[in-house]
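Novice: What follows is each chain in one-letter form.
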Amino acid sequence: MSPAVAQAAASSFHDPNTERHVSARSRIRAWAAIAILAVTSTAVAQPSTEPPPEPESEPVPEPVPDPDPAGDPALDAELAAALAADAAAEAKAQPPPAAPVSGSVMNPDISFIVDVAAAWFGEDEHLQTGGHDPSKNGFNLQQVEMAIGKSVDPYFRFDANIVFGAFGVEVEEAYATTLALPRSLQVRAGQFLTRFGRINPTHLHAWDFVDQPFAIGRVFGAEGNRGAGVELSWLTPLPWYAELVVSATDPVGEGTARSFFGPTELPLETPLDVQTTVALKQFAELSPDWSLLGGLSLATGPNATGHDNRTDVWGADLFVKFRPITEASTTVVSLQAEVLHRRRQVPHDLLVDTSGYAQVFWRFAARWGTAARWDFGTAADDGGADYLDPEWTEARHRASASVTFYPTEFSRLRAQGSYDMPGWRDGIWAAFLALEVSVGAHAAHKF
Amino acid sequence: MRKLLPIVPLVALAALATVAAAPPAVADVKVVATVPSLAAIAKEVGGKHVSVTAISLPTQDAHFVDAKPSLVLKLNKADALLAIGADLEIGWLPALQTQARNPRILSSGAGYLECAAHVTLRDRPAVADRAQGDVHAAGNPHFLYDPRAAAACARAIAAHFARLDGKRAKAYQANLARFLAALDGARARWEKHLAAHRGAPVITYHRSLTYLLDWLGLVEVATIEPKPGIPPTASHVAAVIDLGKAKAVKAVAQEAYYPDKTCALVARKIPAAVVRIPGGADVARGQSYIQHMDEVVNSLAAGLK
Numbered sequence: 001m002s003p004a005v006a007q008a009a010a011s012s013f014h015d016p017n018t019e020r021h022v023s024a025r026s027r028i029r030a031w032a033a034i035a036i037l038a039v040t041s042t043a044v045a046q047p048s049t050e051p052p053p054e055p056e057s058e059p060v061p062e063p064v065p066d067p068d069p070a071g072d073p074a075l076d077a078e079l080a081a082a083l084a085a086d087a088a089a090e091a092k093a094q095p096p097p098a099a100p101v102s103g104s105v106m107n108p109d110i111s112f113i114v115d116v117a118a119a120w121f122g123e124d125e126h127l128q129t130g131g132h133d134p135s136k137n138g139f140n141l142q143q144v145e146m147a148i149g150k151s152v153d154p155y156f157r158f159d160a161n162i163v164f165g166a167f168g169v170e171v172e173e174a175y176a177t178t179l180a181l182p183r184s185l186q187v188r189a190g191q192f193l194t195r196f197g198r199i200n201p202t203h204l205h206a207w208d209f210v211d212q213p214f215a216i217g218r219v220f221g222a223e224g225n226r227g228a229g230v231e232l233s234w235l236t237p238l239p240w241y242a243e244l245v246v247s248a249t250d251p252v253g254e255g256t257a258r259s260f261f262g263p264t265e266l267p268l269e270t271p272l273d274v275q276t277t278v279a280l281k282q283f284a285e286l287s288p289d290w291s292l293l294g295g296l297s298l299a300t301g302p303n304a305t306g307h308d309n310r311t312d313v314w315g316a317d318l319f320v321k322f323r324p325i326t327e328a329s330t331t332v333v334s335l336q337a338e339v340l341h342r343r344r345q346v347p348h349d350l351l352v353d354t355s356g357y358a359q360v361f362w363r364f365a366a367r368w369g370t371a372a373r374w375d376f377g378t379a380a381d382d383g384g385a386d387y388l389d390p391e392w393t394e395a396r397h398r399a400s401a402s403v404t405f406y407p408t409e410f411s412r413l414r415a416q417g418s419y420d421m422p423g424w425r426d427g428i429w430a431a432f433l434a435l436e437v438s439v440g441a442h443a444a445h446k447f
Numbered sequence: 448m449r450k451l452l453p454i455v456p457l458v459a460l461a462a463l464a465t466v467a468a469a470p471p472a473v474a475d476v477k478v479v480a481t482v483p484s485l486a487a488i489a490k491e492v493g494g495k496h497v498s499v500t501a502i503s504l505p506t507q508d509a510h511f512v513d514a515k516p517s518l519v520l521k522l523n524k525a526d527a528l529l530a531i532g533a534d535l536e537i538g539w540l541p542a543l544q545t546q547a548r549n550p551r552i553l554s555s556g557a558g559y560l561e562c563a564a565h566v567t568l569r570d571r572p573a574v575a576d577r578a579q580g581d582v583h584a585a586g587n588p589h590f591l592y593d594p595r596a597a598a599a600c601a602r603a604i605a606a607h608f609a610r611l612d613g614k615r616a617k618a619y620q621a622n623l624a625r626f627l628a629a630l631d632g633a634r635a636r637w638e639k640h641l642a643a644h645r646g647a648p649v650i651t652y653h654r655s656l657t658y659l660l661d662w663l664g665l666v667e668v669a670t671i672e673p674k675p676g677i678p679p680t681a682s683h684v685a686a687v688i689d690l691g692k693a694k695a696v697k698a699v700a701q702e703a704y705y706p707d708k709t710c711a712l713v714a715r716k717i718p719a720a721v722v723r724i725p726g727g728a729d730v731a732r733g734q735s736y737i738q739h740m741d742e743v744v745n746s747l748a749a750g751l752k
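Chains D and A, in that order, give the protein sequences. Just so it is clear: in the first sequence, position 244 is 244 by the working numbering, and no numbers are missing. Here the working numbering runs 447 ahead of the position in the second sequence, where the first position is 1.
FYI, nobody ran anything at the bench for these hints, they're computed from the structure. Hints are supplied without guarantee of correctness; some may be wrong.
What the hints assert, rightly or not - Only some residues are given here: those of chain A computed to face chain D with a beta carbon under 7 Å:
| hint | residue |
| --- | --- |
| 1 | 515 |
| 2 | 538 |
| 3 | 541 |
| 4 | 548 |
| 5 | 642 |
| 6 | 704 |
Note that this is a predicted model, so its numbers are computed, not measured. Beta carbons are placed, not taken as given, at the ideal position from N, Cα and C, and that holds for glycine.
All chains, full assembly: derive it from the sequences and hints.
Specialist: See the structure below:
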């Protein structure tokens with residue numbers, strides 16, 4: 001049935017003026033009479049504690065004819081025949097109502113998010129590192145993201161983020177999460193963004209800027225750190241929120257594990273060749289209006305210069321949020337900062353650098369927000385060339401500011417300007433105007 | 448061996464912390480309710496056998512609650528989760544349920560109760576389309592302003608507690624009977640208090656007072672929001688003011704958590720009284736559901752005078 005027909009069928013059913021409704025009501029009355037007969041003949045009437053049925057409840061299912069032995073068989077047969085004839089006539093006249101069709105409710109919750117941006121860069125060659133950043137002058141399709149989720153069974157839930165871009169389809173995430181492990185444990189398995197730091201596990205939809213902090217692109221790759229693998233997390237029994245996360249993921253991927261094996265498809269020789277990520281996340285509710293979230297992370301694994309050469313990335317993140325809920329207010333102010341300290345063993349040397357960002361977001365009106373961000377990244381301090389970014393010989397800084405208009409929680413329009421200051425070349429201006437819209441199932445957002 | 452020694456005090460410390468965090472010996476049923484009025488009703492039904500926490504505050508719009516990790520912790524330890532349902536909590540509760548690592552409070556779990564399933568919902572849209580604003584496909588979830596819906600929820604909660612904690616089923620039933628009797632008495636009082644205003648036109652901010660107005664026989668002639676969740680526009684507000692004048696509206700009502708400047712403006716222009724409806728029972732300060740509804744009814748009565 002086409003949606004339009006289904007809609008028409010459903011709405012006509014709810015319209016008290018149509019014949020359809022009248023005949024349904026008379027049918028309900030007839031069956032109610034039979035039901036009363038049955039109940040009084042078999043059981044003592046009991047006061048119902050159930051609330052009355054919804055007036056707009058789904059169509060009454062066709063009851064199986066069940067002649068009451070205590071009743072009048074002739075009358076029952078006549079009633080059943082009349083009702084069957086009515087039902088047949090109705091079925092001819094009207095398609096069956098739209099819902100519920102058994103099975104359809106088992107479909108996963110699906111939503112689509114579209115991000116498009118107009119961009120202008122002050123230099124022909126810019127240094128954007130995010131895979132979904134606007135990358136060229138003019139119009140950019142940042143992404144079309146399909147988010148899917150549903151319980152698998154009582155033990156697992158399934159989530160996936162599939163991105164349709166200019167160059168094809170990409171499975172960003174697809175994983176199972178356990179729901180019923182004992183001792184406050186939870187396992188995720190599949191392909192997922194590692195829970196390193198604060199911004200890495202999130203998607204563009206959750207960001208306050210059009211682009212990604214360059215630290216993520218520099219250290220992990222354009223897509224953020226992810227891979228096929230498995231993760232175990234434990235909500236500790238401490239009186240405050242303290243969660244410990246350990247994951248093992250594939251160290252390969254230019255856009256997802258660039259400081260590890262990256263684009264080089266080196267084989268795994270020992271189990272230690274996987275990327276291991278450990279994170280501790282702690283939260284304190286300072287007051288109903290003030291929240292503080294802090295994390296420490298470590299990602300470690302072999303790098304592209306050889307199996308014996310390892311990369312360690314140490315991370316610290318802080319998120320402070322002020323959102324008054326003890327009085328009527330639409331204000332939100334948040335501060336978010338992250339530092340990534342990377343140590344890479346290379347033949348006969350050790351490359352050490354630090355990158356990070358700090359940003360402030362202020363929702364100053366119900367539909368308006370503004371944000372400012374400072375990005376920084378030091379050069380790898382060995383004096384020689386960095387095998388990943390040979391030109392990165394001096395510190396780089398970038399300042400960005402954005403203003404966002406939110407018509408509803410399902411759409412946003414964002415203007416952003418930034419000035420990139422790589423120490424090794426001239427500064428780069430960039431201006432973005434981005435639109436995001438989402439349709440489908442209403443996503444639930446983590447803090 | 449010597450090198451291992453520092454581990455001993457660490458382990459002891461961890462063990463201490465675990466013991467300190469362990470639940471008290473009294474086997475209360477730990478209940479988490481998504482909104483404060485639901486928590487207040489659960490307290491009436493559960494009495495001394497349950498400990499009830501509300502996730503949101505009466506000053507907070509329950510559509511937009513932050514899924515704070517501290518709430519994950521509460522749900523991790525909960526035996527029961529009481530939700531309104533009808534998509535009121537859809538933007539945050541599922542994230543908390545998944546993170547809580549507690550199968551009891553999952554929507555499929557034995558501890559989960561969705562009250563919307565026990566109430567006749569109004570405002571169910573014929574077409575679920577967000578072009579109509581932030582509509583709830585299942586119906587309007589703001590039903591706790593109708594004491595008859597509150598009674599239906601109380602019955603459902605009593606049955607739920609009896610399933611979870613069968614030994615005290617009689618106690619829950621007795622608490623329920625006591626609460627329902629008190630609520631019936633209060634309802635008669637509230638209805639009498641506002642009986643003179645039946646049919647009076649009222650303007651509201653959001654379509655969240657529908658159940659309250661329908662129960663009391665008041666008529667919602669317009670909402671200041673042009674569509675649910677869409678902030679008022681100048682032209683719409685002007686039309687609402689004209690309508691308010693034409694219908695001689697006496698009260699402009701809104702929940703305390705909505706911005707009140709536009710309401711105040713509309714009320715001044717008509718002229719009418721602004722009625723601020725508390726968003727829920729202030730359970731943190733020990734307010735009961737009946738005391739909360741006393742406030743609601745009194746503020747409406749004051750506005751309609």
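Novice: Confirm or reject each hint.
Specialist: The hints, checked one at a time:
no. : hint : result
1   : 515  : holds (5 Å)
2   : 538  : holds (6 Å)
3   : 541  : holds (4 Å)
4   : 548  : holds (5 Å)
5   : 642  : violated (24 Å)
6   : 704  : holds (5 Å)
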